[in-house]
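Here the sequence shown is numbered in the numbering used here, starting from 639 and rising by one per residue.
Just so you know, the hints here were simulated from the structure itself, not pulled from any lab data.
Just to be clear, a hint being listed does not mean it is correct.
To be verified - No farther apart than 30 Å at their CA atoms in a straight line, the calculated lysine-lysine pairs in the DSS-like style are these:
#1 Lys-875 with Lys-719
#2 Lys-875 with Lys-810
#3 Lys-810 with Lys-719
Claimed, not checked - DEER-style ranges, computed between Cβ atoms:
#4 Ile-721 with Ala-923: 42 to 50 Å
#5 Asp-840 with Ala-923: 15 to 23 Å
#6 Thr-684 with Ile-849: 28 to 36 Å
#7 Asn-762 with Leu-809: 38 to 46 Å
#8 Ala-680 with Gly-892: 28 to 36 Å
#9 Pro-722 with Pro-768: 49 to 57 Å
#10 Ser-917 with Lys-763: 14 to 22 Å
#11 Gln-713 with Trp-869: 24 to 32 Å
#12 Leu-765 with Thr-714: 13 to 21 Å
#13 Pro-676 with Ala-923: 33 to 41 Å
#14 Ser-917 with Ile-718: 42 to 50 Å
#15 Leu-765 with Ile-721: 42 to 50 Å
#16 Thr-699 with Ala-848: 18 to 26 Å
#17 Val-876 with Ile-835: 30 to 38 Å
The structure displayed is predicted, hence computed values, not measured ones.
Glycine included, each C-beta is placed from N, C-alpha and C at the ideal position.
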Amino acid sequence: MSEAPAVPLSASADRARPQNIDLLLRPPRPRVGWLLLPARVAALCTVELQKLRHDRTELYTRAVQPALWLLIFGQTFTRIKAIPTDGIPYIDYLAPGIIAQSAMFIAIFYGIQIIWERDAGVLNKLLVTPTPRSALITGKAFAAGVKSVIQAVVVVVIAALLGVALTWNPLKLLGVAAIVVLGSAFFSCLSMTIAGIVLSRDRLMGFGQAITMPLFFGSNALYPVDIMPGWLQAVSKVNPLSYEVDALRGLLLGTPAHLALDFGVLIVAAALGIAAASSLLGRLAR
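Take the sequences, apply the hints, and build the full model.
Next comes the structure, spelled out in structure tokens:
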């Protein structure tokens, strides 16, 4: 009796598997070393900005107040010439201050969001991941900065429509974006620091409303430092908003400014704000 023909061996499934399928079966190597922190910051910043795709109402409503400042306050004081501005029309002088103000108003209530995340249980889930707390705070801070840049674009467009003589130099506009991001990063960290102290949305709302107007009126956003009383000049010199406005005026209007000092102060202020907010994040989560 003859033997049955041998069945040919089938080719290994592993050999026929496309090489690209390895990415599906084996996760990519995690980033390590100096790449870890920037990658986590970028991811958290992207998550924050994704919220704008679902609800852009905040951007529209935030544009109303700066428009009213420029339309009413700016044009009125341009006519009466009550504030010395070294020959610059007052509405031109005011526009950089309103950009800084609108960015601050977006950032200063950012702590409310992190309290909401704590109440919803999101913050505790983030804290148990390997993500450093400083990366979590930095991601939120720079997300606030990007939102403020979008708001600044709206104010610049409104100011241009009103005839404000702003620069359109791309390098200077990049400098404006960097200044707005740094200023917003500091004020959002200030808000999150206060949130880590008061632990309540209602208390944070009270503190936010109590410090926003003193920060605004205690800066050079509306009038030169030279015409302030002595005690208010001292407040203005330690107010980061004054350095933000000074840099914005120098970049947008070409007025004399101390750009190196302004950038340095805002970088140091943002770094200190991130450190303070990160140290209080654990207290907020308890």
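Cross-check of the supplied hints:
A distance of roughly 25 Å separates the Cα atoms of Lys-875 and Lys-719; the hinted pair therefore holds under the 30 Å criterion. Note on Lys-875 and Lys-810: the hinted pairing holds, with a Cα-Cα distance of about 24 Å set against a maximum of 30 Å. Taken as a hint, the Lys-810 and Lys-719 pair is honoured in the structure, with Cα atoms around 28 Å apart against an allowance of 30 Å. Between Ile-721 and Ala-923 the beta carbon distance is about 46 Å. The supplied range of 42 to 50 Å therefore holds.
One distance hint, 15 to 23 Å for the beta-carbon pair Asp-840 and Ala-923, holds here, with the actual separation near 19 Å. The beta-carbon spacing between Thr-684 and Ile-849, approximately 29 Å, falls within the hinted interval of 28 to 36 Å. For Asn-762 paired with Leu-809, a C-beta distance near 43 Å keeps the hint of 38 to 46 Å intact. Evaluation of the 28 to 36 Å hint for Ala-680 and Gly-892 yields a pass: the beta carbon distance comes to about 34 Å.
For the pair Pro-722 and Pro-768, the beta carbons lie near 55 Å from each other, so the given range of 49 to 57 Å is met. For the hinted restraint 14 to 22 Å between Ser-917 and Lys-763, the CB-CB distance of approximately 20 Å keeps it satisfied. At about 31 Å, the beta-carbon gap between Gln-713 and Trp-869 stays in the expected band of 24 to 32 Å. Between Leu-765 and Thr-714, the C-beta spacing of about 49 Å breaks the proposed range 13 to 21 Å.
Distance hint for Pro-676 and Ala-923: a CB-CB separation of about 24 Å, inconsistent with the stated range 33 to 41 Å. In this structure the supplied range 42 to 50 Å holds for Ser-917 paired with Ile-718, their Cβ-Cβ distance being about 48 Å. Checked against the hint of 42 to 50 Å, the C-beta distance between Leu-765 and Ile-721 comes to roughly 48 Å, which is consistent with it. Take Thr-699 and Ala-848: their Cβ atoms lie about 22 Å apart, and the range 18 to 26 Å holds.
At roughly 20 Å, the beta carbons of Val-876 and Ile-835 sit outside the given window of 30 to 38 Å.
Consistency with the previously given hints fails for numbers 12, 13 and 17, ordered from lowest to highest.
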